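K.L.:
Make one complex out of these two single chains by using the hints.
Okay, here's what each chain looks like letter by letter:
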Amino acid sequence: MADLYRADVLISCLHGQSADLAPTFRQEIERRGMAGEVRVVETGCRGFCSVGPVVSIQPDGEFYVNVQPADVPEIVEETLVKGRPVQRLTYKEPTTRKSITKYDDIPFYGKQMRIVFRNTGLIDPQSIDEYIAVGGYEALGKVLTSMTPEEVIEEVKKSGLRGRGGAGFRTGRKWESTRKAKGDVKYVIANGDEGDPGAFMDRSLMEGDPHAVLEGMAIAGFAVGANQGYVYVRDEYPLAVKNLNLAIQQAHEYGLLGEDILGSGFAFDIGIVRGAGAFVCGESSALMQSLEGKVGEPRSKHVHATDRGLWDRPSCLNNVETLANIPVIMLRGAEWFASIGTENSKGTKGFCLVGKIRNPGLIEVPMGMTLKEIIYDIGGGPPRGRKVKAVQTGGPSGGCIPTSRLDLAVDYETLSQAGSMMGSGGMIALDDRTCMVDISRFFLEFLKDESCGKCAPCREGIKRMLEILTAISNGDAKMGDIDTLETLAKTVQAASLCGLGKSAPNPVLSTLQYFRQEYEQHITEKFCPSGVCRSLVAYVVVDDKCKGCGLCIKVCSQESIAGSAKQPHVIDQATCIQCGACFDACRFDAIQVIPRSQVELLPKQEVHA
Amino acid sequence: MNGDRVNQIIDAYGGDRTSTLAMLQDIQREYNYLPREALELIARRLELPPGHVYQMATFFKAFSLSPKGEHICKVCLGTACHVKGGAIILEALEREFKVKSGSTTADGKLSVEGVRCLGACALAPIVVVDDEPHGQMSSDTSIKLVQEVVSGQVAKAPAPAEVKPAVVRAAVDLSAVPPAG
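As given, the protein sequences belong to chains A and B, one line each in that order. Here this note's numbering is used: the first residue of the first sequence is 1, the next is one more, and so on. Here this note's numbering is used: the first residue of the second sequence is 610, the next is one more, and so on.
In case anyone wonders, no lab produced these hints; they're calculated from the structure. Take these hints with a grain of salt, some might be off.
[Said to hold, decoys possible] DEER-style ranges, computed between Cβ atoms:
| # | chain 1 | residue 1 | chain 2 | residue 2 | range |
| --- | --- | --- | --- | --- | --- |
| 1 | B | N611 | A | E413 | 49 to 59 Å |
| 2 | A | G61 | B | D620 | 50 to 60 Å |
| 3 | A | M479 | B | K753 | 42 to 52 Å |
| 4 | B | H743 | A | F588 | 22 to 32 Å |
A quick note: this is a predicted structure, and the numbers were derived from the prediction, not measured. All C-beta atoms in this analysis are idealised placements derived from N, C-alpha and C, irrespective of residue type, glycine included.
Bound-form chain B, shown alone (with noise of 0.2 Å):
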């Protein structure tokens, strides 16, 4: 992990309390995961105790504790995937590539995971493999879709066009705000 690049979060955001939420969605984004190095900073930084950043890391679902695997598969388990099959193409993922759902295969090349409605409900089921939604999918398309990517043969999506932190505090008049704590 980077201390600095860490250090840069907590500046785009002026340092402040009420932004670690913000800081942690950027460290996730940037490591795929939250190193404990990077919770320590951000609780030394902001004066907080170290406990407290823990419970933002672990109460919301998005956060990983763990780093993940070089390309991320995730199959919808939202209601409209469960009625038309996600949670049997999840198990047939993990049956091929003979890796628990939540986890990463030995060589690190895969991570699999299980995730909540993904908002693209009437292409149900949906797979997203490094951000790239794929629907109406099958087990078979979703192993083969699977294999293509892990074997390189699929280009990696780019990245999310990311959201600058500058733009959204510039938007927030922070003269409303009481100062945290």
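Chain A with its partners taken away, still in its complex shape (with noise of 0.2 Å):
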């Protein structure tokens, strides 16, 4: 019996500046001889990260942002031992500055379903105890005990289970497939090798509830076939190897992972293996050679990996987002997975909602909410003064949605429709100081890095493309060049070997499609609009519009604003590196972006540094 305690103060934020809260709140319990009475807990990620690190008390739910090892002395007399909250420390709603105590009133959350983040940031991830009491590991009982590995399948399928990881694979259709594969020994493989720039789900799902993954992994062997699985997890991400592994020892002495599980017979194990840095290897079969010892190459796919994949055996792959979802799925039955979502996308979707926004974080939806609800009530819309332009999603295999189509519902094939992709989660609100030639040319120069070289369309294309690119936002393209570009684009797409190729050139076409006009503005007017592209561009100071508060003066890092107090201020031109760093920081709309050729027209200005 484990002890019983009458409050829980839950710690989230293990990567922001939280290591010395969870010390700070033991110590000062312990001081106020309330060690037996109340536990400290660092969870995982809750999510709201612009407000982190965040604490929050069990029961009562108070939920306290921004805390520093400062408050706790506060929060302690206050809360724990008197019983009330502290007002200075709770989230206030930014439009109307209500102050809202309550963890489940705050609308960032209300609009969330979370499934796969059911326990995140509310149980302790290095605790099999803990995920157990939370109804952990009683859906592998279930299956073990209850039902056959064909029956297991068919209710993964009528749930309408889609692979998490991007192209939307049905889940159920790839087990059936492994299982039906010829071969005594199969392997099932969860892909935590999550690359794509501006997605971390996945980590914050492996560090906070690593047994979600591992159950989701041993109800696949258990209706695959397989007696062995392994984690591919991204090196850059320690502590969710950690975790993992402490998850994995606690399975092991628990009986709920190895020889006989619950005495049903059935044996699984799992084995970690840590990723190297390299954006392909979250490609399935490069995955795979990865896992086998060698360079991450991906091969070309006319044998599925289910029928010969690793050590060329059936292997079934799956995001550990899909396999997360699976333990709730055989509690609570497919249909009632199946009645959350789209006709065609079940369920619900984790993004990292991230870029230009008031509140980012992880999130967690239903499959069906449209792009406008997650940027606007979710995510709290744009910081002040600025103007969404477009939502880029799916990573460097995505693409950019424009402001204009925002009701789009997400799900898998509206955003394929729409020219992007669901891809792995990633979801970047972009404003209108975003440069979309800048944003295509970003994800082309990951993408030339990330390349394996294996293919000449992917090795070469993306390399041409990207010079196109560079040459638009310097300034010396030429009309004919965005056709060129687009024939590029499509040869890649077509011809390329796996995956990463034949996506590549979908931020370009995308931002073609919506944002034709900002490439030809580069190349007629060479002028970029969104003050980016910095050859193109120069910052000037509109004299009427400046009240000479000196705000620019402070941030400029190359000294090169000068003005008197209450006078306009100037730039010089010749020591300025257009970083833009003013025009973010004025509050008065007097920073405007020109194009460069306009600065020779410039009444001459005396800058007195």
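P.N.:
Shown next, in the form of structure tokens:
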């Protein structure tokens, strides 16, 4: 019997500056003689990163944001001793400044639905007892004692669950193919090689609820007839590796992994393999090559991995988020799961809502929610004074959806039709200070580095596309270049060997589809209206708007701005590097972006530095 | 380089070729780069062509073939950090410390590099100094932070908890794995 406590202090955001919080809480609780009554738990991510570190006190659910070690004595005194909230630390609704004391009442969480992230932030990921206490491993027990592998597969098929790593392949079908494939030795592989820049759902899941992934894998192993599983984790995620390792050890101790699990005769074991920083290893065949201890290059897929994958044996590869859905589906039933979402996309999806947005963080929403609801109702819209210009989804394989199409309902098909894709779940809000040519260039730069070089269309095509995009942002391109770019993009899309190359042109094609005029403006007017492509722009002060407050002088790293108080300031064009810090800092819209070619036309101004 | 240490790492994986990648990772963690002698030793011990080990060492981003500085500053250039000015921070650091991205200062004190997404996008832009992540940075705060670390005003953060290779291997059922080669 575990010890009973009257209250729990849950501390989140291990990646923020919360390292000192737990020891400080423990010390203070000890000092007040409450060590046996109140427990301090370090949990995984609560998703609300913009206000981290967060602390919540159970059972009443007081939720405190931006908590620093100095706040600890007050929280202990007020909430744990006197039982009342510390108003100073509660979440304040940004527009009304209304104080919200309880976690459940915060709008950021109100529209979300947490299935995959059901436990993250609520339990101690390093304790199997806590996972079991919230119903963990119950699904595995149910499956092993009362279902046949065929029934499990049928249930997954009925649920409509699709792969959460990007392509959206039907999970039940994949399991069925692996089950039917010939061979005695089969493998289950969990893909935790989250390489998309702008996505961290898998990290949060592996760190915050590792047992959910392991349980899903064990059920998959039972269904497809595998006794060995591997989790392939990004090397950049040391805490995920640590927590998964611990979880595997604990599951062994409890007989939930290893020989004869729960007396069923089913044996299943899981090993962890760390990636080493190669984006292409998220691709299934490259991942398996890397698991075999080779260089991670993809191979052509005329034979499916479900027939011949790892060591040429039938292998079932699922994303960690897909696997974390499995225990819930087994417990609550396929019908329940299929009732959430749209016709062809069932359940929920975790997204990393980041970029130019008020409430960046990790969210989970039912499929079919519109981008507008996600960006404005959950994300709180763009920061003060800015406009949302587009939403980027799907990482380097995805595309940009313009603000005019924000009423799009998020599911696999609608995103693909709009020229983007679900991808692993990065969702990046772009505002009017983001240049679409620059965004394309950014992704191609990334893909140029990450292309493994095995096939020519991807290796050479991406490089040539990048050259054209660089020329456009430097003002060296001519009109025909956009057509060449488009032809190249379509060739790379059609001729590349693996998913990396096939989807590499998406950022270019989608921005061309929706923002072609912006590309043309770069070429014909030699101007970047967002002020990002530095060779094409200059920043100047609008005299009659400038209040002479000096804020821009402070933020200028080049000391290029001069001016006395309450007098219009002046930017020295000779030393300005067009970083735009002054533009972002100015509260009076007094900094303007103009084409570089117009600098010579400016009246000569004396700069007194 | 200490040959005994490298031998220890190889032994921790039972000298198994399928674990070449993990061995290289441990050596990288130990020395902050892959010394040529270590690569040659692995090739000899595992009876692999040196070219094979070199191929792995150059394919994966996590590895470096040249030594790194005493302090390592990584500027995240993932998408969220990019749109929030990560590249501008990297440039500012390059200018301030007179070092090109991907290289080390002449005195060997500081390496500066741009890295792909670190998976903390909601705190963009991110700068990591000696494995300690710092969120919502600007050019000025980054320069100040690095100055403090390099001049020793901020204690170097302890290395992240190491994963014991034995634990990783223990969990892998080797009987299911055909012999390498």
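K.L.:
State, for the Cβ atoms of H743(B) and F588(A), whether the hinted interval 22 to 32 Å holds or is violated.
P.N.:
For F588(A) against H743(B), whose Cβ atoms are near 30 Å apart, the range 22 to 32 Å holds.
K.L.:
Is the distance from the Cβ of G61(A) to the Cβ of D620(B) consistent with 50 to 60 Å?
P.N.:
At 51 Å between Cβs, range holds.
K.L.:
So does M479(A) sit 42 to 52 Å from K753(B), Cβ to Cβ?
P.N.:
holds, 46 Å
K.L.:
Do the beta carbons of N611(B) and E413(A) sit within 49 to 59 Å of each other?
P.N.:
holds, 57 Å
Checked against the numbered hints above, the structure violates none of them.
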